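Visitor: Using the sequences and the hints given, assemble the complete structure.
There are 2 protein chains.
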Amino acid sequence: MVKMRRKLTEDEKFMRSAIAEARKAEKIGEVPIGCVIVKDGKIIARGYNKRKKEGNTLSHAEIKAIDKACKKTGDWRLEGCSMYVTLEPCPMCAGALIQSRIDKVFIGCMNPKAGCAGSVLDMFSVDGFNHHPECVRGILQEECSDMLKEFFRELRKRLREEKASDGKEPQ
Amino acid sequence: MVKMRRKLTEDEKFMRSAIAEARKAEKIGEVPIGCVIVKDGKIIARGYNKRKKEGNTLSHAEIKAIDKACKKTGDWRLEGCSMYVTLEPCPMCAGALIQSRIDKVFIGCMNPKAGCAGSVLDMFSVDGFNHHPECVRGILQEECSDMLKEFFRELRKRLREEKASDGKEPQ
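Just so you know, the sequences run in chain order A and B. Per our numbering, residue 4 is the first one in the first sequence, and the count goes up by one each step. Per our numbering, residue 4 is the first one in the second sequence, and the count goes up by one each step.
These aren't lab readings, by the way, just hints derived from the structure by calculation. Check each hint, because a few of them may be wrong.
Unchecked claim - Pairs of lysine-lysine, DSS-like flavour, derived with a Cα cap of 27 Å:
#1 K42/B x K10/B
#2 K27/B x K71/A
#3 K75/A x K53/B
#4 K55/A x K45/B
Claimed, not checked - Stretch-level coverage of chain A by chain B, calculated; a stretch enters the list once three of its residues show a Cβ under 8 Å from a Cβ in chain B:
#5 53-62
#6 75-89
#7 127-134
Said to hold, decoys possible - Non-contacting residues of chain B with respect to chain A, defined by C-beta distances greater than 12 Å in every case (computed):
#8 R8
#9 R26
#10 K107
#11 R140
#12 L151
#13 E153
#14 R161
#15 L162
This structure is a prediction, so every number in the text was calculated from the model and none was measured. Built from N, CA and C at the ideal position, the CB exists for glycine as well.
Guide: Structural data, given as structure tokens:
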């Protein structure tokens, strides 16, 4: 049977661009996480995880993209913008999104261990903050989730192989 | 009566350096917030608020200093480091401190409106996160608090004066 491919929605198209960013991270051995920032229907900034490569706490996909978007617009406020990100943001990135006053955040898959848009915390809904980005979860969820699972499966396999070959080396 | 000056503790000395950073922000018309990162008893990075000047969400004192410390050490982990910051960190900066795995955070004064080390949230104590920086509050609290109060008093005065002089201009 031929599997029919349904047409992607606009949100899914932007998430595909975020996935393409994540693939760039994967290529350099980083955890595949990527994002794009969209304004007036156009991507104005992209980012992918480079934490290990750059040896920098701040080199998460979202921080990279926020930095670029601010430099492009010359404004610390990203009002009128949306972010599409493959994985639920960590506390730093969720905080940066609140600080940026971004309108909307579209999330691929959730991160039960550290996510701050509903998993460990729901930072976008804290009454005390002066900004609450609208949050849409589960855009191309399976694709985003499978990409991460595959990365960690390969990583574990490589580590096992390295361990096994270490054992064979002459003492 | 002569007021005796007691000797500053080491923590207070580092907070004085953070206050000196905050004064740099004040000089360029930014909200006076400053910080330093200390490792092995030495300051390895400094930062002050430049959000308006740089037009960038990320230009908070703490983010600036974390960036410099990572670049200096070449490591995204700031283990063995402490931060001294004049004002309780916002959600973004508290999140970045958690992500950096920093050991300790020393805070000058609290920020009831947006602080995330006990005010709006206590992000350093969230069970679900994999790191919990130790937090010490109230180092040179009065000095840090007065500096901010004075800044906002002057700002309000200037805005009132500008409004008044606007009213006098010919229509």
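Visitor: Hint by hint, note whether the structure agrees.
Guide: Results for each hint:
Between K42/B and K10/B, the direct Cα distance comes to roughly 22 Å. Compliance with the 27 Å bound is thereby established for this hinted pair. Annotation: proposed proximity of K27/B to K71/A holds, straight-line Cα distance about 25 Å (limit 27 Å). For the hint pairing K75/A with K53/B, the CA-to-CA distance comes to about 17 Å; that is within 27 Å, so the pair holds. For a cut-off of 27 Å, the pair hint linking K55/A to K45/B stands: about 25 Å separates their Cα positions.
For the stretch 53-62 of chain A, the stated coverage by chain B holds: 8 residues have a C-beta nearer than 8 Å to a C-beta of that chain, and at least 3 were required. Counting residues of the stretch 75-89 of chain A whose C-beta lies closer than 8 Å to any C-beta of chain B gives 6; at least three are required, and the coverage claim holds. With a cut-off of 8 Å between beta carbons, the stretch 127-134 of chain A has 4 residues touching chain B; three or more are needed, and the interface restraint holds. Chain A leaves R8/B outside its interface by the beta-carbon criterion, the shortest separation being 38 Å against a cut-off of 12 Å.
Under the 12 Å C-beta cut-off, the non-interface status given to R26/B relative to chain A holds; the minimum distance is some 21 Å. Once the 12 Å rule is applied to beta carbons, K107/B is consistent with being away from chain A; the minimum gap is 16 Å. Distance check on R140/B: its Cβ is at least 18 Å (rounded) from any Cβ of chain A, clearing the 12 Å threshold; non-interface status holds. No Cβ of chain A approaches the Cβ of L151/B within 12 Å, the least distance being about 17 Å, so the stated non-interface status holds.
Interface exclusion of E153/B from chain A stands, the closest Cβ pair being 23 Å apart, more than 12 Å. Separation of R161/B from chain A is adequate, the least Cβ-Cβ distance of about 21 Å exceeding the 12 Å criterion. With a closest Cβ-Cβ approach of about 19 Å to chain A, L162/B is found to remain outside the 12 Å limit, as its non-interface label requires.
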